[in-house]
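Based on the provided sequences and hints, a complete structural model is requested.
Protein chains in written order, with the working numbering: chain U, 1 to 313; chain G, 1 to 545.
Hints are not guaranteed to be accurate.
Straight-line C-alpha distance at most 27 angstroms; calculated DSS-like pairs for lysine-lysine [stated by the list, open to error]:
1) G:Lys-199 - U:Lys-279
2) U:Lys-279 - G:Lys-155
3) U:Lys-117 - G:Lys-153
4) G:Lys-435 - U:Lys-253
5) U:Lys-279 - G:Lys-435
6) G:Lys-284 - U:Lys-208
7) G:Lys-435 - U:Lys-239
8) G:Lys-129 - G:Lys-155
9) G:Lys-155 - U:Lys-117
It should be emphasised that the hints constitute simulated quantities derived from the structure, not laboratory data.
Every value quoted in this text rests on a predicted model; they were computed, and no experiment measured them.
Chain residues, written in single-letter form:
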Amino acid sequence: MKTDQQTEFYENLEKKGVSRRDFLKYCTALTATMGLSYSCVGKVAEQIEAAAAQRPAVIWLHFGECTGCSEAFLRTPDVGGIILETISVEYHETIMAASGHQAEQNLHNAVKQYDGKFVCVVEGAIATAHNGAYGKIGGRTFLDIAWDVIPRAAATIAIGSCAAYGGVAAAAPNPGGYKGVTDAIGAPAINLPGCPMNPLNLLGTILKYLNNEPMEMDGYGRPLFAYGESVHDRCPRLKHYENFEFATEFGSKEVEMGYCLLDLGCKGPDTYNNCPTAKFNDSTSFPIQAGHPCIGCSEPGFWDYMTPFYEET
Amino acid sequence: MGQRILIDPITRIEGHLRIEVEVENGKVKDAWSSGQMFRGIEMMLKGRDPRDAHHFVQRSCGVCTYIHALSSVRAVEAACNITIPDNARIIRNLLHGAQYQHDHIVHFYHLHALDWVDIVSALSADPVKTASLSENVSGRPGTAEYFRTVQDKLKTFVNSGQLGPFNNAYWGHPAYLLPAEANLMAASHYLEALKLQAKAARMHAIFGGKNPHPQSLVVGGVTCIGDLTPERLDEFTQIWKETKEFVDQVYIPDLLAVASFYKDWAGIGGNNTTYLAYGDFPRKGVDDDLLLPGGVLMGDLTPRSLDTNLITEDVTRGWYEPGEARHPYQGETRPIPAEVTYNTEDKYSWMKAPRYDGRSAEVGPLARNLVAYTRGQKDVKQLVDHVLTTLGVGTEALFSTLGRTAARGIETVVVGNAMESWIDELRSNIARGDKEIYQPWIMPDTGMGYGLNDVPRGALGHWIEIDKKKIKNYQYVVPSTWNLGPSDATNQKGPVENSLIGTPVADPKQPLEILRTVHSYDPCIACAVHVIDPHTNETYKVRVI
Numbered sequence: 001m002k003t004d005q006q007t008e009f010y011e012n013l014e015k016k017g018v019s020r021r022d023f024l025k026y027c028t029a030l031t032a033t034m035g036l037s038y039s040c041v042g043k044v045a046e047q048i049e050a051a052a053a054q055r056p057a058v059i060w061l062h063f064g065e066c067t068g069c070s071e072a073f074l075r076t077p078d079v080g081g082i083i084l085e086t087i088s089v090e091y092h093e094t095i096m097a098a099s100g101h102q103a104e105q106n107l108h109n110a111v112k113q114y115d116g117k118f119v120c121v122v123e124g125a126i127a128t129a130h131n132g133a134y135g136k137i138g139g140r141t142f143l144d145i146a147w148d149v150i151p152r153a154a155a156t157i158a159i160g161s162c163a164a165y166g167g168v169a170a171a172a173p174n175p176g177g178y179k180g181v182t183d184a185i186g187a188p189a190i191n192l193p194g195c196p197m198n199p200l201n202l203l204g205t206i207l208k209y210l211n212n213e214p215m216e217m218d219g220y221g222r223p224l225f226a227y228g229e230s231v232h233d234r235c236p237r238l239k240h241y242e243n244f245e246f247a248t249e250f251g252s253k254e255v256e257m258g259y260c261l262l263d264l265g266c267k268g269p270d271t272y273n274n275c276p277t278a279k280f281n282d283s284t285s286f287p288i289q290a291g292h293p294c295i296g297c298s299e300p301g302f303w304d305y306m307t308p309f310y311e312e313t
Numbered sequence: 001m002g003q004r005i006l007i008d009p010i011t012r013i014e015g016h017l018r019i020e021v022e023v024e025n026g027k028v029k030d031a032w033s034s035g036q037m038f039r040g041i042e043m044m045l046k047g048r049d050p051r052d053a054h055h056f057v058q059r060s061c062g063v064c065t066y067i068h069a070l071s072s073v074r075a076v077e078a079a080c081n082i083t084i085p086d087n088a089r090i091i092r093n094l095l096h097g098a099q100y101q102h103d104h105i106v107h108f109y110h111l112h113a114l115d116w117v118d119i120v121s122a123l124s125a126d127p128v129k130t131a132s133l134s135e136n137v138s139g140r141p142g143t144a145e146y147f148r149t150v151q152d153k154l155k156t157f158v159n160s161g162q163l164g165p166f167n168n169a170y171w172g173h174p175a176y177l178l179p180a181e182a183n184l185m186a187a188s189h190y191l192e193a194l195k196l197q198a199k200a201a202r203m204h205a206i207f208g209g210k211n212p213h214p215q216s217l218v219v220g221g222v223t224c225i226g227d228l229t230p231e232r233l234d235e236f237t238q239i240w241k242e243t244k245e246f247v248d249q250v251y252i253p254d255l256l257a258v259a260s261f262y263k264d265w266a267g268i269g270g271n272n273t274t275y276l277a278y279g280d281f282p283r284k285g286v287d288d289d290l291l292l293p294g295g296v297l298m299g300d301l302t303p304r305s306l307d308t309n310l311i312t313e314d315v316t317r318g319w320y321e322p323g324e325a326r327h328p329y330q331g332e333t334r335p336i337p338a339e340v341t342y343n344t345e346d347k348y349s350w351m352k353a354p355r356y357d358g359r360s361a362e363v364g365p366l367a368r369n370l371v372a373y374t375r376g377q378k379d380v381k382q383l384v385d386h387v388l389t390t391l392g393v394g395t396e397a398l399f400s401t402l403g404r405t406a407a408r409g410i411e412t413v414v415v416g417n418a419m420e421s422w423i424d425e426l427r428s429n430i431a432r433g434d435k436e437i438y439q440p441w442i443m444p445d446t447g448m449g450y451g452l453n454d455v456p457r458g459a460l461g462h463w464i465e466i467d468k469k470k471i472k473n474y475q476y477v478v479p480s481t482w483n484l485g486p487s488d489a490t491n492q493k494g495p496v497e498n499s500l501i502g503t504p505v506a507d508p509k510q511p512l513e514i515l516r517t518v519h520s521y522d523p524c525i526a527c528a529v530h531v532i533d534p535h536t537n538e539t540y541k542v543r544v545i
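Now the structure itself:
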């Protein structure tokens, strides 16, 4: 049963053109998978109301990356509402209309205008070899831009395994000397690894941040609400593992019956993330459901430590 | 010497791209395209397990997700002589088809549209007139109320003073020609498409576990056995249908409506003579009977057969040590292991310059349309003719910025239509008890193979050599490298550089026209710059856990 506060919240959203059904579905997913409370959502509603005058500024930097995490964010069911009405994306190379000089000007102005107040979302790893020569934007190295922008943010969220820990760019032998944000410049960051990160985890983090909720994190800088348990412990195939029922061939009857994928190389026991419960693309699926082992993509250095992917570790 | 204009970063693309042009008498006289980042995925692959390669290469790009993984498993399957089950072929086609639908819609509305659509002008549109415009041109007309709501939303947004992604663009530029009402209609569909694409991506999640970076391909087939249920197929079919309706009723009508105001652009942004398509969507065996045929056009409209032996990459103008142009199997690349200098007279990009029989070749929707058209592919021919007739232009209009953008829409329809037959095939196979999706196999000690596909941005090929059951050499030649690569040893420019020459530039401080042609190629720079092996012949030792 909904409280008055919730009813009012949805009405406000609808006035802003956000479909109640979309948002309700979305919040349900958030609350169910992340332990976020309706009161939290309610407070965010107040934040959104208060933000009618000014929405929280977000500066989104792209470094050594594949844009997969931006794409994942764009798969959020009402991403238009988030971009136009909830936050203000001041700089984001993939979606912004301005290019070249005008784009650079936007970044410069936003950092100046929101100095110490903006949220910096970082996607991609930072090249550090040869003074950062292997990655540049507007003639400046990723490293220069990182030093210039990140220390001036109120909070930094490193999305995806690349921004968090270097990711694929840092896989051995790492010719560009790629590193995650904290390793590259020593700045603290909330790490949301995954390849790509689950957009629910980003939204959950932003909601908690807007709500001034404390963010408990593990030793790798990952919020516990999303990364507190292993994929294995949340896996729908867990009971078969406990019964010693293991699939040994892809596409087999055993995989279909839900047998454990450990013998096929699954890295679920060593991987901390909420894929089995949060799932992807509006709760459609996640890799283990699709019959493929977990490759450990939210663990630091997984491209080296978790490979070969199809061998039991 | 004319005036130099530098645009860096080029936004609304994937990756880090710098474009420089020289403008004289209001037109581009010369152009340079430069990739500004590399990571070096190929060299990471050396010494690793060939089965793992598709996971690495898929991370070349999250926009063109899936497609590198597909090339990679095809290459390893070729090297290991594996024939995948028919259901695996169908499911791979469905995933690939879904990528075409998603990618092209996002490109048109979210990456390209703002080059033609002035969002600020939409604020002064009359919602009633917009409704009657949409009644005339759109398959999904909106009411005045609907357009007023969207306009109010935009006004609230603009009045907030926080323009976010729309800040500081070229609004009001004289090259924007749409009436305010057409701008409002397009802006409304920009928002609709944003919602639709999130849904369309679920087609990947159904058989691939997630999007981006679906995870159900393996060498030998696919893994999604638990999703071969009538309910899952219905779910897929429903989303496919909704996506197709959007394409037919909104995307294509918008494309034609916008194009009708920009017919000048049917004479700008061409200039290429060689067009290359590998073709894709096998309807029986892997290499037989492709929905989109492969072939090469070299200066005329007679399609020739593809010969992959004629593919080379030249590194003269890239930041690499000097070396001769090589075929991917012999690919040898040595980047300058130091700070590099951007110099348009010498070396200016991280991209290599792929060549076919020594020629720079355009790849992508236009190349595919031209090859299919000249090969007499009925679906493509019919739609191309329809578009040309509707716009009242001749076939020469295809060789342009506008032609390239129209070609993308045309193949979205062709591939989208074909997906229905693959869904039916899969359904009937399952109904008669055939759920085979994986062919067990054993890794040979040695092998060589390549996997070709034609992906939303163009012809993609991966070449692998296996030795002692590990990757000895791995090279891939990528669509955006073909299209956005630099000049070569003979000073022959890349396709985008060629296309920019002659482009009018009304205001050098706001080079909107440059963006139109560059975006018409849908650049993806993370894909384009993935190569490098600074330690030639040195094989990285795999860490054994």
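For each hint, the structure was consulted:
no., hint, verdict
1, G:Lys-199 - U:Lys-279, "holds (15 angstroms)"
2, U:Lys-279 - G:Lys-155, "violated (36 angstroms)"
3, U:Lys-117 - G:Lys-153, "holds (26 angstroms)"
4, G:Lys-435 - U:Lys-253, "holds (10 angstroms)"
5, U:Lys-279 - G:Lys-435, "holds (25 angstroms)"
6, G:Lys-284 - U:Lys-208, "violated (51 angstroms)"
7, G:Lys-435 - U:Lys-239, "holds (25 angstroms)"
8, G:Lys-129 - G:Lys-155, "holds (18 angstroms)"
9, G:Lys-155 - U:Lys-117, "holds (25 angstroms)"
Checked against the numbered hints given earlier, the structure breaks hints 2 and 6 and satisfies all the rest.
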